[in-house]
Every structure is written in structure tokens, then in C-alpha cells.
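Participant: Sequence:
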Amino acid sequence: SEKQRLAFEKESLGFYVSGHPLKRYEDLIDKFTNANAVSIKELNNGGAVRIGGLIRSTKIIKTKRGDLMAFVAIEDLHGAVEATVFSRVYARVSDLLVEDNPVFIQGQVQKDEQSVKILAEKVVAMDKAEETWTASIHFNVEISRTDRDELEKLNGILKKHPGACRAYLHLRSPDKTDSIIALPTTMKLKAGGALTREVNELLGYNAVETLCMAAKTEPKRNNYR
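Residue 60 in UniProt numbering sits at position 60 of the sequence shown, with consecutive numbering throughout.
Misleading hints may appear alongside valid ones.
[Stated by the list, open to error] The calculated label-pair distances, taken between Cβ atoms and stated as ranges, are: (1) 78 / 149: 44 to 50 Å; (2) 64 / 201: 52 to 58 Å; (3) 205 / 128: 25 to 31 Å; (4) 114 / 157: 23 to 29 Å; (5) 153 / 61: 39 to 45 Å; (6) 127 / 46: 28 to 34 Å; (7) 151 / 193: 39 to 45 Å.
[Said to hold, decoys possible] Simulated crosslink set (DMTMM-like; lysine to aspartate or glutamate; CA at most 25 Å straight-line): (8) 122 / 30; (9) 117 / 201; (10) 128 / 75; (11) 188 / 100; (12) 216 / 127; (13) 159 / 201; (14) 31 / 100; (15) 153 / 142; (16) 122 / 218; (17) 190 / 142; (18) 59 / 218; (19) 23 / 67.
Think of the hints as simulated: they come from the structure by calculation, not from any bench.
Every residue gets a Cβ at the ideal spot worked out from N, C-alpha and C, and that includes glycine.
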């Protein structure tokens, strides 16, 4: 498999010959991160950061209270950065902190004169990013290319993907005027590749746009236990 070949290249040669495994996630990483392993150095100490990459190493230690925590290295297309995962977060995400696993880490920048690290508050599998951090979903429907039958089918597709995101229909007419309809709050959707594919295939063009939530930090009391 491609994954096995890439792992063999990295292990044997120390680098990838046939392409970095993160290349397939490049659009997702561009959309949902606010920094990479290099640009994180420009963020303020204590500021919010969300970075995406492969877990390169995980060092698990036991705290004085007997809880498990971890020091994790995450590598993106620009380099690597270390994240500290305290026990409260570790208990929820330990199964994601596996070598070569593609994840996003959100948390707080910890920087001094020597280094920049992340105090992890959230770790999310890369393929769960859209449903976790999509703020709203927008369907751009071109009226001249869409009939009533397709709109009914669209309604059927949306009902198959219930979730937490507000959704909006943008009805676009040939004279460039738009009507925007907010779907009722009882019809919130789950963002993700499946919904996007089904809608775009039905309509025959790229109709789906999503807006991303900004990275944010959580209150300290949630992290330091």
C-alpha cells in the first residue's frame, strides 16, 4: 500500500522519495490551521494555535498523581514542533497519539528564547476536522441549472447528514442576484467529504463552501490537570 511504501522510505532513507504522506491533506491543513512548524515562532506566547501534521513520536510519562500525560512531536511539511498533552486531554485522545497518525493539535503557544512548543488542548483526527471546526455550510445553487426534482433530491441528501453546523442556501440567478435562505436550526448539518461529494455530484458542479472556526484557547483550569 502507499502508506507502507512511504513508511519504508522514511525508515530506510530518512526521507520520502515518492511524496510526503501529508500532501493528500494539504488543502485541509491550509484551511484549518493558523500556523505551521516554522510560522508558529511568530505567534505570541499564550496565543491560540492550530497545527496539522503527522505524529512523529510520543513519550508517555506518569504524573505524581498517577495519571498519564505525553510529550508529542508533530511534523508538518515545514518541520516539527513539540506539544505537551496533559493528563486531562491525554485521557481523551491517547488513541490518536500513534506514530504516523495524521492529526490536528489545537492549543496554546508556549515560547521562550530557546524554543516554541504547544500546550495541547484538543487533538483531532485529520478526517474529523471538517465536522469539528466547520462554522457554517453554504450551498451555492445556480437556479438556471437546477430543477425542482434536483432541489427535492438535495433536501433528501441534507436530511441524511444531521449535525451541528448552521447551513445556508444561496440561490444564484443568471442576473447575478442572490437570495440567501438560512436553513432552520432543526436542520443543522454534519460537515465533511461525504456531504460535499453527494451534493456536488447531484448538482454537477462545485456548490458547497464551508467556513472554518478560528483557533482558540480554553480556560486554564481545563488544561493543567
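Participant: Indicate, hint by hint, whether the structure satisfies it.
Facilitator: Comparing the hints with the structure gives:
Checked against the given bound of 44 to 50 Å, the beta carbons of residue 78 and residue 149, roughly 48 Å apart, stay inside it. Roughly 55 Å separates the CB atoms of residue 64 and residue 201, a value that falls within the hinted 52 to 58 Å. The hint said 25 to 31 Å for the Cβ distance between residue 205 and residue 128, and at roughly 27 Å that hint holds. Evaluation of the 23 to 29 Å hint for residue 114 and residue 157 yields a failure: the beta carbon distance comes to about 52 Å.
At roughly 54 Å, the beta carbons of residue 153 and residue 61 sit outside the given window of 39 to 45 Å. Remark: the range hint 28 to 34 Å for residue 127 to residue 46 is upheld by a beta-carbon distance near 30 Å. Taken as a hint, the range 39 to 45 Å is violated for the pair residue 151 and residue 193, whose Cβ atoms sit roughly 22 Å apart. Only pairs whose Cα atoms come within 25 Å are accepted, and residue 122 paired with residue 30 is accepted, the gap being roughly 18 Å.
Between residue 117 and residue 201 the CA atoms are separated by roughly 42 Å; this puts the pair beyond 25 Å, and the hint is violated. Between the alpha carbons of residue 128 and residue 75 the distance comes to roughly 19 Å, so the proposed pair stays at or under 25 Å and holds. Simply put, residue 188 and residue 100 have alpha-carbon atoms about 33 Å apart, too far for the 25 Å limit, and the pair is violated. Between residue 216 and residue 127 the CA atoms are separated by roughly 20 Å; this keeps the pair inside 25 Å, and the hint holds.
Between residue 159 and residue 201 the CA atoms are separated by roughly 16 Å; this keeps the pair inside 25 Å, and the hint holds. With a CA separation close to 21 Å, the supplied pair residue 31 and residue 100 stays within the 25 Å bound. The hinted pair formed by residue 153 and residue 142 meets the criterion: a straight-line CA distance of about 15 Å does not exceed 25 Å. Between the alpha carbons of residue 122 and residue 218 the distance comes to roughly 9 Å, so the proposed pair stays at or under 25 Å and holds.
A distance of roughly 23 Å separates the Cα atoms of residue 190 and residue 142; the hinted pair therefore holds under the 25 Å criterion. Proximity of residue 59 to residue 218 is assessed by CA-CA distance (about 24 Å); at most 25 Å being required, the pair is judged to hold. The suggested pairing of residue 23 with residue 67 is violated, with an alpha-carbon distance near 36 Å, which exceeds 25 Å.
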